Amino acid sequence: MLSHVHVRNLCQPRGSMPPVSWSRGYGASYLHLNMTPQIKKVLMLETMPPSTITRGGSRAPVGQRTRSAPPPPSNFSKGLCQCCDDPGFACTMLCCGPTATGQLYERVSSTPRSCFYISTALWGIFFLTSTLMSVGNAYLENAWYVEDDEVHINMGNVSQATVILSVSSSFSFLGSIISTCVLCSARRRIRDRDNIKTGGCGDLEDCCVTYWCGCCSLTQMFYQEKVDGYSYNLVSNTGT
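Each residue of the sequence shown is one higher than the one before, starting from 556 at the first, in my numbering.
Any given hint could be a false lead.
Here are the computed lysine to aspartate or glutamate pairs in the DMTMM-like style, where the Cα-Cα straight-line distance is at most 20 angstroms [to be verified]:
| # | residue 1 | residue 2 |
| --- | --- | --- |
| 1 | 633 | 783 |
| 2 | 633 | 747 |
| 3 | 633 | 760 |
| 4 | 752 | 780 |
Simulated DEER-style distance windows between Cβ atoms [said to hold, decoys possible]:
| # | residue 1 | residue 2 | range |
| --- | --- | --- | --- |
| 5 | 708 | 748 | 49 to 59 angstroms |
| 6 | 788 | 762 | 22 to 32 angstroms |
| 7 | 750 | 678 | 27 to 37 angstroms |
| 8 | 709 | 747 | 53 to 63 angstroms |
| 9 | 675 | 766 | 20 to 30 angstroms |
| 10 | 632 | 697 | 50 to 60 angstroms |
For the record, the hints were derived by calculation from the structure and aren't laboratory data. Note that the structure is a prediction, hence the values are computed from the model and not measured. Glycine included, every Cβ here is placed at the ideal spot set by N, Cα and C.
All chains should be modelled from the sequences, with the hints used to inform the complete structure.
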């Protein structure tokens, strides 16, 4: 860093003395009027942050200072068929899918209490579907009876069983759609964050994978989040 004395000596001609006003607080004005362009450039570079100075001694444009190159395209850390590398973890994803789905979404999206809402909705649909299916099957079994060595069918029970089983199937389909939408959104967020390339289907791959291979996709995304059977916590909002 150049001191005032050094700059003053560079600005004034040899054999000359600075004016009397120098000692009265007018040194800055004297320097500004008498310094050469080379000295102005040196002083400007001395006051600039090192990160904004290029090799040529000029200030880098603002866009070049803030812009960062995106990471190269990559793949998931593990494939879909590697979900059984940790059998215990895979069984947890299979048996507790509604809970794991909510945990993954809150972990990826950072949405407060989303794990509670998603898990409650999916578990509620699961138990409602199971109950309706059991009731419908019971009505269907009681529709058949034997009288006078002849098998008879109670069409009233058959009709009731048909309605109940249809409602059960509708709730089951609704649960699969909700689960697919949640996992598809989480998978898309992970791909955008880690710059993971898609296959031949493009962005449609997220929907297809999470619908047809929901359990394997769920395990794959947890592996991508550096979560495995040793670090996974079933009662946590984010799985760890």
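Task: Restraint check for residue 633 with residue 747, where alpha carbons must lie at most 20 angstroms apart - done: holds (17 angstroms)
TODO: With respect to the beta-carbon atoms only, verify the hint that residue 788 and residue 762 lie 22 to 32 angstroms apart.
DONE: Given a distance of about 29 angstroms, which is inside 22 to 32 angstroms, the answer is holds.
Task: Holds or violated: residue 752 to residue 780, with C-alpha atoms at most 20 angstroms apart - done: Within the cut-off at roughly 17 angstroms; holds.
Open item on the list: I want to verify a distance hint. Is the separation of the beta carbons of residue 750 and residue 678 within 27 to 37 angstroms?
Closed with: Because 34 angstroms falls inside the window, the suggested range holds.
Open item on the list: What's the verdict on residue 633 and residue 783, does the C-alpha distance respect the 20 angstroms limit or exceed it?
Closed with: holds (12 angstroms)
Open item on the list: Taking the Cβ atom of residue 675 and the Cβ atom of residue 766, is their distance within the range 20 to 30 angstroms?
Closed with: holds (22 angstroms)
TODO: Assess, step by step, whether the Cα of residue 633 is no farther than 20 angstroms from the Cα of residue 760, and give holds or violated.
DONE: Measuring from Cα to Cα gives roughly 16 angstroms; hence the hint holds.
Task: residue 632 paired with residue 697, Cβ distance criterion 50 to 60 angstroms - done: holds (52 angstroms)
Task: Pairwise beta carbon distance, residue 709 to residue 747, judged against the given window 53 to 63 angstroms - done: Hint holds: Cβ distance 57 angstroms, inside 53 to 63 angstroms.
Open item on the list: Tell me if the beta carbons of residue 708 and residue 748 are separated by a distance inside 49 to 59 angstroms.
Closed with: The hinted range 49 to 59 angstroms holds for residue 708 and residue 748, with Cβ atoms some 58 angstroms apart.
The structure fails none of the hints (numbered hints given earlier).
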